[in-house]
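Sequences are here, hints too, so could you generate the full structure?
2 protein chains.
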Amino acid sequence: MTKLDDLYANLTLPTKAKLALIVLDGVGDLAVKDHAYQTPLEAAATPNMDQLSREAIQGRMTPVAPGITPGSGPGHLALFGYDPIETQVGRGVIEALGLGLELKPGDVAARANFCSLDAEGLVTDRRAGRIETDVCERLCGLLASKIKQVGSAEVIIQPGKGHRFVVIFRGAGLEGPILDTDPQREGLPISKAVPANAESAGAQKAADLINAFYEVALPILKDEKPANGFLMRGIAHQPNIPTFQERYQLKPACLAVYPMYKGLAQLVGMTKVEGPQTIGEQFNRYLEIYDDYDFFFIHYKYTDMHGEDGNFEAKKKAIEELDQALPILLQKRPDVIAITGDHSTPCPMKGHSWHPQPVLLSSAFSGTDKLERFTETGANLGSLGIFEAKFLMRHMQAHARMFDKYGA
Amino acid sequence: MTKLDDLYANLTLPTKAKLALIVLDGVGDLAVKDHAYQTPLEAAATPNMDQLSREAIQGRMTPVAPGITPGSGPGHLALFGYDPIETQVGRGVIEALGLGLELKPGDVAARANFCSLDAEGLVTDRRAGRIETDVCERLCGLLASKIKQVGSAEVIIQPGKGHRFVVIFRGAGLEGPILDTDPQREGLPISKAVPANAESAGAQKAADLINAFYEVALPILKDEKPANGFLMRGIAHQPNIPTFQERYQLKPACLAVYPMYKGLAQLVGMTKVEGPQTIGEQFNRYLEIYDDYDFFFIHYKYTDMHGEDGNFEAKKKAIEELDQALPILLQKRPDVIAITGDHSTPCPMKGHSWHPQPVLLSSAFSGTDKLERFTETGANLGSLGIFEAKFLMRHMQAHARMFDKYGA
Chain A
379 MTKLDDLYAN
389 LTLPTKAKLA
399 LIVLDGVGDL
409 AVKDHAYQTP
419 LEAAATPNMD
429 QLSREAIQGR
439 MTPVAPGITP
449 GSGPGHLALF
459 GYDPIETQVG
469 RGVIEALGLG
479 LELKPGDVAA
489 RANFCSLDAE
499 GLVTDRRAGR
509 IETDVCERLC
519 GLLASKIKQV
529 GSAEVIIQPG
539 KGHRFVVIFR
549 GAGLEGPILD
559 TDPQREGLPI
569 SKAVPANAES
579 AGAQKAADLI
589 NAFYEVALPI
599 LKDEKPANGF
609 LMRGIAHQPN
619 IPTFQERYQL
629 KPACLAVYPM
639 YKGLAQLVGM
649 TKVEGPQTIG
659 EQFNRYLEIY
669 DDYDFFFIHY
679 KYTDMHGEDG
689 NFEAKKKAIE
699 ELDQALPILL
709 QKRPDVIAIT
719 GDHSTPCPMK
729 GHSWHPQPVL
739 LSSAFSGTDK
749 LERFTETGAN
759 LGSLGIFEAK
769 FLMRHMQAHA
779 RMFDKYGA
Chain B
379 MTKLDDLYAN
389 LTLPTKAKLA
399 LIVLDGVGDL
409 AVKDHAYQTP
419 LEAAATPNMD
429 QLSREAIQGR
439 MTPVAPGITP
449 GSGPGHLALF
459 GYDPIETQVG
469 RGVIEALGLG
479 LELKPGDVAA
489 RANFCSLDAE
499 GLVTDRRAGR
509 IETDVCERLC
519 GLLASKIKQV
529 GSAEVIIQPG
539 KGHRFVVIFR
549 GAGLEGPILD
559 TDPQREGLPI
569 SKAVPANAES
579 AGAQKAADLI
589 NAFYEVALPI
599 LKDEKPANGF
609 LMRGIAHQPN
619 IPTFQERYQL
629 KPACLAVYPM
639 YKGLAQLVGM
649 TKVEGPQTIG
659 EQFNRYLEIY
669 DDYDFFFIHY
679 KYTDMHGEDG
689 NFEAKKKAIE
699 ELDQALPILL
709 QKRPDVIAIT
719 GDHSTPCPMK
729 GHSWHPQPVL
739 LSSAFSGTDK
749 LERFTETGAN
759 LGSLGIFEAK
769 FLMRHMQAHA
779 RMFDKYGA
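If you're matching them up, the sequences are chains A and B in order.
At position 193 of the first sequence the residue is numbered 571 (this note's numbering), and the sequence of numbers has no breaks.
At position 192 of the second sequence the residue is numbered 570 (this note's numbering), and the sequence of numbers has no breaks.
No lab work stands behind these hints, which were simulated from the structure alone.
The reader is advised that the hints may include incorrect statements.
[Claimed, not checked] DMTMM-like mimics (lysine to aspartate or glutamate), calculated; alpha carbons at most 20 Å apart, straight line: (1) A:Lys-381 <-> B:Asp-461; (2) B:Lys-728 <-> A:Asp-713; (3) A:Lys-629 <-> A:Asp-601; (4) B:Lys-411 <-> A:Glu-652.
[To be verified] Rough simulated footprint, nothing fancy, chain A against chain B, three-plus residues with beta-carbon under 8 Å: (5) 535–549; (6) 586–599; (7) 690–698; (8) 732–740; (9) 751–760.
Beta carbons are placed, not taken as given, at the ideal position from N, Cα and C, and that holds for glycine.
Printed below as a string of structure tokens:
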């Protein structure tokens with residue numbers, strides 16, 4: 379907790395207000411010549427967001443720090459108001475969340491992938507010839523059926539795509555991070571698991587468990603070809619994060635479709651509301667659970683997905699589809715509504731980027747920036763300016779009148 | 379002192395420039411439908427500020443941190459360039475300043491209010507039936523006439539409005555904060571004064587004094603009805619702040635009408651220039667004392683006052699009145715002129731708010747942002763961007779060419 383966090387906590391008043399955070403994943407984009415210098419948000423027909431914009435303020439958010447491109451983990455932690463540099467979530471944990479695994483505080487998770495070993499145990503192919511997913515699933519099933527426990531820890535094995543899988547160690551007093559067992563180069567043996575911090579007893583315990591896991595797992599795979607070994611990376615424990623409800627005095631619900639975002643929401647203690655598969659269904663579910671929660675995190679994946687593919691038209695259509703569904707949400711208009719992304723995923727870049735994402739915020743106390751539309755270029759002119767994404771929650775809380783006056 | 383403070387201090391050069399900070403208290407507002415989406419600043423006729431704007435730059439300032447609504451204390455400390463989170467001024471001190479009391483460094487000040495006690499000394503009404511101000515004045519006079527000293531400390535008692543008053547303890551080695559003696563609920567006795575930090579010898583000494591004060595004061599009130607007791611809150615000492623002159627190498631004068639702002643200026647060592655009652659008189663006084671000071675803090679209360687009342691028309695007129703008087707100041711045009719507020723007090727909210735206030739800065743080195751007017755929406759487009767109010771002093775110093783080049 380920083381001094382500023384303390385100040386926010388001390389000023390926080392309970393509220394009956396409803397706050398909705400609508401995340402168009404990777405919505406931010408670049409105006410380039412190939413698309414007549416228009417972004418998908420500019421090119422899309424968005425009558426409902428346009429309407430909202432007339433009673434809203436805008437700005438742009440630096441997802442982490444200038445020039446830093448975030449993954450989904452830091453991107454969402456910042457949106458949830460956690461400092462994405464101070465609150466690091468290991469890649470093993472993110473990978474586990476992405477596979478839909480439910481992690482418990484203290485669980486140690488590792489990204490693993492099958493590899494090929496020669497007779498001396500030296501790595502000959504770090505990706506085992508990129509085996510197919512069904513082979514990976516069979517091998518994970520084999521390991522899982524034979525290994526339920528190592529030492530005092532429960533072991534959970536979950537296949538991913540291709541040669542990738544995840545292993546979770548669940549037991550008392552475990553800690554990460556543990557250095558990768560991946561030697562990074564072929565011709566070397568699998569590295570022993572070693573704590574990143576030699577003085578952490580919990581990490582030593584976890585490293586010992588991982589080495590013990592190898593002792594029982596490698597013999598099970600010894601006759602497999604080409605996947606007779608495996609490497610582990612990003613071995614980390616689920617961090618102990620103050621829950622969203624503790625931090626903001628808001629009871630949060632997550633309305634997401636994809637496991638990764640449900641997992642990230644769960645990491646901060648949000649309730650996952652299962653069922654809806656489309657944005658229309660998500661908004662309808664919001665109407666149903668309106669009375670039961672104070673804060674609604676509504677995640678929309680397709681803007682990012684089409685940005686990753688560099689598919690401008692599809693990204694534009696995805697924005698239009700969300701806009702068309704927006705009136706459902708507005709049937710019970712939240713007191714504070716924020717629409718933004720967790721980062722930009724510009725079509726010309728076919729991937730996440732560091733470009734600040736636009737944000738729109740509307741409440742009875744937002745006034746208006748008199749902008750006709752919600753776009754990147756418009757957002758540059760808004761009264762929110764360019765700010766760090768981790769402060770969005772504080773802006774939303776203020777607009778819900780959740781902060782007492784500071785000082786006399 | 380932070381590393382950045384040190385840097386500024388090391389780069390500071392003496393100047394013959396004159397700097398004027400004109401504070402329209404609570405000037406920032408919201409564009410809402412009820413007022414045709416115009417703020418008072420937008421609706422007001424301000425030919426003189428418009429003229430100034432053509433040779434000025436603009437921006438908006440976050441008074442404390444995103445979403446935080448400041449009281450006058452933190453709002454002005456930030457304008458004076460002090461970090462409003464690091465430099466906390468207790469409510470007792472602010473209350474004393476607001477009543478026009480002159481505090482000395484180390485003085486411990488308490489907000490007090492009369493209450494009613496039953497025969498066992500239990501609080502039956504925490505506000506003594508909200509007695510009238512004249513009763514409060516009589517009771518304070520009674521206490522003050524009988525108690526001049528407690529232990530080694532001088533005692534100063536000053537009535538406020540209704541049931542409220544202020545007590546100051548002046549003596550060597552005293553410190554705050556002290557926990558409230560207000561039990562917060564009726565049916566309980568007055569709490570003993572206890573240091574907030576048990577390890578502070580100065581706070582223990584102050585707490586002992588307060589308890590000794592109760593010993594002599596309660597018998598004096600025992601036959602009064604309904605105000606036969608009193609409670610104390612926000613008990614704090616005047617913080618030891620580096621003076622404005624030490625910090626900036628500028629000799630400052632305060633031209634304010636209301637006691638609170640004179641008090642806040644005095645807290646940082648500004649000279650209070652007494653006399654003027656209207657903004658015209660304040661500007662005329664500025665002309666008279668032009669040669670004697672380097673920095674002029676000119677405070678205008680009415681924008682805030684009418685914002686608190688939600689009176690759009692009156693707030694608009696108050697802005698126009700200041701604008702009409704501005705040519706007086708410009709007879710001896712300061713080298714650097716900044717016009718802003720200490721926070722926003724939007725009419726639709728009838729109170730202070732967190733919305734960044736607009737700021738205009740003009741000097742021979744400001745260039746211009748080519749904005750025709752000084753308004754919230756215009757300020758969004760200015761080259762100062764949105765910045766923390768505590769940096770305004772540094773912008774003003776730079777525009778007075780008070781900083782040497784950093785590094786070769």
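Against the structure, the hints:
As the CA atoms of Lys-381 of chain A and Asp-461 of chain B are separated by approximately 12 Å, the hinted pair is consistent with the 20 Å bound. With a C-alpha separation of about 19 Å, the suggested pairing of Lys-728 of chain B with Asp-713 of chain A holds against the 20 Å cut-off. Between Lys-629 of chain A and Asp-601 of chain A the alpha-carbon distance is near 52 Å, which puts this suggested pair outside the 20 Å criterion. Note on Lys-411 of chain B and Glu-652 of chain A: the hinted pairing is violated, with a Cα-Cα distance of about 39 Å set against a maximum of 20 Å.
Only residues whose C-beta sits within less than 8 Å of a C-beta in chain A count toward coverage, and the segment 535–549 of chain B has 0 of them, not enough to reach three; the restraint is violated. Under a criterion of three residues with beta carbons nearer than 8 Å to beta carbons of chain A, the stated coverage of the segment 586–599 of chain B fails, only 0 such residues being counted. Requiring three or more residues with a Cβ within less than 8 Å of a Cβ of chain A, the coverage given for the segment 690–698 of chain B is violated, as only 0 such residues are present. Counting residues of the segment 732–740 of chain B whose CB lies closer than 8 Å to any CB of chain A gives 3, which reaches the minimum of 3, so the coverage claim holds.
Given a C-beta distance limit of less than 8 Å, the hint that chain A covers the segment 751–760 of chain B holds, as 4 residues qualify and 3 suffice.
Of the numbered hints stated above, those contradicted by the structure are hints 3, 4, 5, 6, 7, listed in ascending order.
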